[in-house]
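Starting from the known structure of chain W, fit chains D and V onto it as the hints suggest.
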Amino acid sequence: MQKQTHLPVELIQQSLQQAVKNISHIILGKQRQIQLALTCLLANGHLLIEDMPGVGKTTLALAIAKTFGLDFQRVQFTSDLLPADVLGISIYDIESRQFNFHSGPVFTQVLLADEINRSTPKTQSALLEAMEEHQVTQDGTTRPLPKPFFVIATQNPTEQVGTFPLPESQLDRFLMRIEIGYPDQNAERELLKGTDRRQAIRQIASVLDASELIELQRAVDEVHVSKAIVDYLLALIRSSRLSPWFSSGLSPRAGLALQKCAQAWALLHGRDHVLPEDVQQVIPSVAAHRLQINPDNQHESIDELIIKLIKQVPV
Amino acid sequence: MQELPLIPGFLARYIERWAVKRLPDTDYQATIVRQRLYILPTRQGLLFTTVLGTILLGAINYENSLTYMLCFLFASIGFLGMIYTHQNLNHLRLGAASAKAVFAGQAAQFPLSISSVKQHSHYNIRIQCKATDAICAHLEDTETESLLMLPVTTKRRGYIQLGRIKIYTEFPFGLFHAWCWVELNAQAVVYPEPDAHPPQYTHGGRQHGHQMTQQEGYDDFAGIRKYRKGDAPNHLAWKAIARTGDLQTKQFYAEAADEIWLDWHQLADDMDVEKRLSVLCRWILDADKQGIKFGLIIPGKNISPGTGRQHRHVCLKALALFGIEA
Amino acid sequence: MTRFDYIAKDPVSWVILSLALVLMPHAPRLPAWTLFVIPLLFLWRLAAIKKPQRLPRKWLLFIIVILSSFAMLVHYGTLFGKTAGTAILAVLLAVKLLESRKRRDYMLLIALSFFIIVTNFLFSQDIPTLAFMLITVVILVMSLIYINQESAPLKLRQRFKMSLTIVLQALPMMLVMFILFPRISGPLWQLPDDAHTARSGLSDTMSPGNIAQLINSNDIAFRVKFENQQPSQNQLYWRAHVLWYFDGRSWEQGKLNPNPDPVLETFNAPVEYTVTLEPHFKKWLFALDMPGEAPVKSHYNNNYLLRADKKITSLYQYQATSFLNYRAGNILSPWEESAGLKLPVHQNPRTVALGRQWRKQFNQPVDIVAHALKQFNQQNYVYTLRPPLTPGHDSVDQFLFNTRRGFCEHYAGSFAVLMRAAGIPTRIILGYQGGAFNPLNDVLTVRQSDAHAWTEVWLENQGWVRIDPTAAIAPSRIEQNLNAALPKNETRPLHMHLDMGVLKQLRFYWELMDNNWNQWVIAYDPELQQEFLSSLLNKKINFADIVYLLVFTLTIVTLAIAVMILKPFQRTTSDPTQLAYEQFCRKLARSGICREPCEGPVDFSLRAMQAHPQQKDSIKLISRIYINLRFRSSNNKKQLEKLRHLIRKLKL
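Going line by line, the protein sequences match chains W, D and V. The first sequence: position 52 = 52 (my numbering), numbered continuously. With positions in the second sequence counted from 1, the corresponding number in my numbering is that position plus 1000. With positions in the third sequence counted from 1, the corresponding number in my numbering is that position plus 2000.
Honestly, the hints are just simulated from the structure, not real lab data. None of the values given here were measured: they were computed from a predicted structure. Glycine included, each C-beta is placed from N, C-alpha and C at the ideal position. Any given hint could be a false lead.
Stated by the list, open to error - Here are the simulated lysine to aspartate or glutamate pairs, EDC-like style, with alpha carbons at most 20 Å apart: (1) D/Lys1166 x D/Glu1183; (2) D/Lys1100 x W/Asp231; (3) V/Lys2255 x V/Asp2126; (4) W/Lys227 x D/Glu1183; (5) W/Lys227 x V/Glu2252; (6) D/Lys1118 x W/Asp209; (7) W/Lys308 x V/Glu2599; (8) W/Lys311 x V/Glu2582; (9) D/Lys1275 x D/Glu1183; (10) W/Lys308 x V/Glu2337; (11) V/Lys2567 x D/Glu1183; (12) V/Lys2102 x D/Asp1141; (13) V/Lys2283 x V/Glu2252.
What the hints assert, rightly or not - Footprint (simulated), chain V over chain D, 3 or more residues, beta carbon under 8 Å: (14) 1015 to 1027; (15) 1133 to 1144; (16) 1182 to 1196; (17) 1301 to 1309.
Okay, chain W solo, but in the shape it has when bound:
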């Protein structure tokens, strides 16, 4: 007997649609990217945004934090940024003759790690470890990070000079990677005409609060994944492993990520069950940064190849 889920999906959908709408006022013409970002948030994962500066990465992060009523911190990663600058540091208080921990910007609910690939690998891995373990360990003391904890890291295209690209193993820590891209003409026109975006952010009201978000994150696990979907996921993963386009296929962890994101996407669209379409919608964002194009086959982009992969696997 299959477990039947009784999620108040309509209610959830209403509030989430409200959130999407809220953010759409700030980021114009990027409905899909906003949905993906929220999916990532719902799936309790971290988001990597890879794009040119100035397309609204920071604005998106800020808008998400505002909409969900979350604390927000922003760290601009630079080449001289040290792990302690992110995590915090214990400072000796001469008066009390004790070390006091001064928590770093990571102790927040939404952290925007801007241009993460500008800092040294050491700092990068310090942040990524904190992300993975939801806690910071320093000087032998372990301090938990707040809940929910959502990192939006942005990354400049790797070809840029003076960057330390994230290693493959670290990329896996991000549930999703999205690109925002330039707005289309209408949105751009709107953008030029409208008020200052930062100003607008200050005006948006929060739709949900942190505890509701945690509830929603729990609800994601309740979204039903039928055997048909599991088979479909397995077929996709198998195909990625066998396909000559990629030098290595999706890992088991990637498979879990794919399932979780599909569940979150389904919930975002007011369903208590996953459809093949959900998987197809999220797979480019989940898989692109985890797959390596076979070096012998470089005339197609990773996104094109993922579309080909989807086309190849029957539902």
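Leaving out everything else, chains D and V in the frame of chain W:
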């Protein structure tokens, strides 16, 4: 390649040529279908038939009803064996992926996956590529796929294509040999064989920074020194400051690696191409082992110094494909 | 189970096990020394499984083969023929086993085993033998599967299942070939002398004790099906031999009766019946007193006996007629008179004296006969299976005056001596008396244990009259059966103990089956095939028709089984929801909207609704129900029905 049972070699080659013409376009996966599946009795099949014939003669001669009966039973069992053998191979789907790069002379291990289109079980499926020994695979009806490695011997550097493989089975009775040729699109890079006795590496003309130098950097903590104006506040050693009361700065060093260039032109002029590549290959492996930062110069290609697996692969691949890539 | 499993882990052990099973039924027929040598060779192979260096060298095996062939030659006098042949095959199998290392060796062993299995049928063709052989075949096929798998992916249970499945699937094809394969009457060449070994059965001589010995045999002699009425039990005298010549101890047929045509006057309608005779490798046919005329392929002899033209080597059926009221041989020929009165001189003097005394005492031969029977009945004679031995030539004297305990041959023999001494021509008749009716099919089964001896005396105006002295001593032997006639305290053969209650009922069933088996399976020969197929198709069948029929039927059966195995119509899914949805997709595909294999249901429904705006609602509903069923796993029969209904109703 494993000969066909009871078929002389020249005829077998002719059959293979004919069958290969009927193969569909090469893809990374192939499904065995009835139209391209062939079946013949084995030597044991003929032996079995002879025994059946003898039993039948006995039955006629002794006018023995039950001898007739068992003769027919055995004939039916043998015939069903043929159907089962056919069934054991039919509807099998094979997929191949590209193999990891190997050195010439080593066997490239091509990952193969077998799965069943119709969720049957398949036992004792043998897969053979060219002259190598066949590998044996099984697939239970409960399994979705079975993964295995098909070794293919390599002789020369360059690309090796998996190409045509023969899949055959004699299960369950060994009386029939069912087989099928498939062509799978998977390849592997074959590095040149590392030279066993390479000439000693001599420092060529294009060497830089051959001695260890220390440069200030960010990588490793090197110690603490007095604060100088202009030091980054990030680098202040707060603990030390707390202890001593003076401003102190943490100091970091980046180690500048020994950097060498492995140059084609360094080698004696009379050395032939393959030997040169072999020697370079050996040098790359040695340098990689010692963790030395190395670059590679071969005609038409210039790879700037680096370390790590990826860099090693790029260099070795350049050697492997030297003169091959258009 | 674990030990069984342990053996199963090694294919060689399995082959050894199955070969042992193949040879086992031959054991009782093999020379005693092979029962020692063959197991020894098997054990040797078993011991060498883990250490192949323990296997013997080729020259040693060669010596074993030479020695055993020589021993066979000494034992049987030949290396050919079925008994010697199977014995030498058994030894060769064991030797080959010791030499086997590779897969092809084991394949050869298994092929040879198939052959050895079949040789069992040269000795017995009954149902238990076949059943045992079928079990052996299943196990042999298991071994065949086992040695053909490289790394043993099949467990014991799977191998058993596979083997059993294949054998069961082979049965229909076997049946078709069995019925329709054109039978040729053999033999194709001269068979070795021992092709047909005789079983214990009625002999054509009679000496004290040799019929009593037959009583232990429960073998069936023949079966009878009466056409109209069944004669009563005491009329069932099955005539086999007429013995004229007495040497003082045993009775023999003596010279052939030169009497011209035997005369038989009959008084009522004949009894008609069909006899199915078990092969006894003689020409004798059995018939009720008195047979009317000879069945086909047989002749009538001067002693009112039926004799077949050829030896009965396989189950044989014939139609016979007999007259229960008759007068036979009204005129006594001179040869018959002298042969019927002849007694060995100076033997059994007391009996001869008694006979002569009676001749003086009574006027009529009939009175002498009656008096003799009365004597048997009233004096202290005992009917027993275990009479005391009466050695020497005066055995009749010893029996009549001392031991007084005897079986039918004693009574018939002594009665005949008495009558001959009294001047009445008398002869001994050997045959069977009685039989058991099977109420299930009204078939009378006559066994070896029904063997009997009685006499015929020649009386003026009456001809040869049957006199059964046993009836005077133990009337129940004739009225019922032997079991009823024997004294209560006497030990009986085992089969008589079984002949009671439920067991008797079971035996009836068994006999019924056995009878049908014999009639339809074992006796299936060219004639029966022709007859059966002709009656089946209602037309006369020739050889070509049979071949045509075989090819036709075999093709159909083979195709049916191949379809069963290959399942070419099997769908990739068995999920009813998916099947219904596939139908929906086919319907849309016909209208030009083809679902891509990678297309999800929502995307597809959107596309379909765009193409068929007038059917928007039903397409939407179908997709929704499908999604509910497949992706929400709501296992709802009603919903499925609704889905099917909607899809059926969808008109594009």
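Status of each hint after checking the structure:
no., hint, verdict
1, D/Lys1166 x D/Glu1183, "holds, 9 Å"
2, D/Lys1100 x W/Asp231, "violated, 28 Å"
3, V/Lys2255 x V/Asp2126, "violated, 38 Å"
4, W/Lys227 x D/Glu1183, "violated, 33 Å"
5, W/Lys227 x V/Glu2252, "violated, 89 Å"
6, D/Lys1118 x W/Asp209, "violated, 51 Å"
7, W/Lys308 x V/Glu2599, "holds, 13 Å"
8, W/Lys311 x V/Glu2582, "holds, 19 Å"
9, D/Lys1275 x D/Glu1183, "violated, 33 Å"
10, W/Lys308 x V/Glu2337, "violated, 113 Å"
11, V/Lys2567 x D/Glu1183, "violated, 27 Å"
12, V/Lys2102 x D/Asp1141, "violated, 30 Å"
13, V/Lys2283 x V/Glu2252, "holds, 17 Å"
14, 1015 to 1027, "violated (count 0)"
15, 1133 to 1144, "holds (count 3)"
16, 1182 to 1196, "violated (count 0)"
17, 1301 to 1309, "violated (count 0)"
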